[in-house]
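Number of protein chains: 2
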Amino acid sequence: MEKHTFEMTLLFDFYGDLLTGKQQEYFDLYYNGDLSLSEIAEADGITRQGVRSVLKRGEDTLTDIEEKTGLVRRFGEQRLLVAGIEAQVRTLLEKTAEPETRALAGRILEDLQSLGD
Amino acid sequence: MEKHTFEMTLLFDFYGDLLTGKQQEYFDLYYNGDLSLSEIAEADGITRQGVRSVLKRGEDTLTDIEEKTGLVRRFGEQRLLVAGIEAQVRTLLEKTAEPETRALAGRILEDLQSLGD
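Chains W and X, in that order, are what the protein sequence lines are.
Following the working numbering, the numbering of the first sequence begins with 82 at its first residue and continues without gaps.
Following the working numbering, the numbering of the second sequence begins with 82 at its first residue and continues without gaps.
Treat each hint with caution, since some may be false.
As the list claims (entries may be wrong) - Lysine-lysine pairs mimicking BS3-like chemistry, simulated, CA-CA at most 25 angstroms apart:
#1 Lys103/X x Lys176/X
#2 Lys137/X x Lys149/W
#3 Lys176/W x Lys137/W
#4 Lys149/X x Lys137/W
#5 Lys84/W x Lys103/W
#6 Lys176/W x Lys137/X
#7 Lys137/W x Lys149/W
#8 Lys149/X x Lys103/W
These are calculated hints, taken from the structure and not from any lab test.
The structure presented is a predicted model; accordingly, all values stated were derived computationally and were not measured.
With the sequences and hints as input, model every part of the structure.
Structure, rendered in structure tokens:
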């Protein structure tokens with residue numbers, strides 16, 4: 082079972098609450114807690130294959146939701162755009178000495194940062 | 082059956098592809114096409130109650146997904162923040178006469194607008 086940690090933690094962050102309780106529990110242990118299949122199996126008193134199968138179904142569900150909705154991709158694209166806008170506001174701050182413009186640009190930068198939260 | 086058009090078309094826009102084909106079909110006719118339950122029933126050769134039941138299950142699914150993920154709410158909040166930032170950039174443009182600052186602010190405004198698309 083190949084571990085796609087970056088992709089899966091991102092999808093889990095968005096859609097995790099749509100998984101079953103057991104899928105969420107194993108996802109958290111496997112991806113966030115970095116436990117092995119065997120460690121989860123032992124702790125939960127089931128077979129390693131049982132754990133793998135729960136995780137696999139969860140991964141398939143998350144991947145399917147993203148293929149259908151594209152919301153994680155959409156959020157990611159927005160993040161990139163916001164980062165680009167932030168860089169431009171910083172440039173503007175470097176270029177201008179006008180106090181009022183600087184104050185406005187400072188507030189704009191703060192609001193842009195809260196967009197990324 | 083109360084018709085929550087604004088809420089449902091918004092949820093449908095985000096999560097519609099997670100519904101069954103039949104739910105999507107009836108949603109489109111009922112919410113986007115503004116057909117009545119009876120008109121859909123007649124066109125599809127089923128009972129009015131059958132149409133209502135398909136739509137109800139679709140609505141429950143969309144509402145449940147939003148309750149669990151909150152993504153539509155999150156997108157909505159971002160839209161408001163972006164609109165607020167746009168207003169501040171317009172103020173900045175009104176206040177400054179510096180050509181370089183104005184050029185930068187103009188590009189920032191364009192990028193903010195593409196965020197809202």
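Which numbered conditions among the earlier hints are violated in the structure presented, ordered from lowest to highest?
Structure breaks hints 1, 3 and 6.
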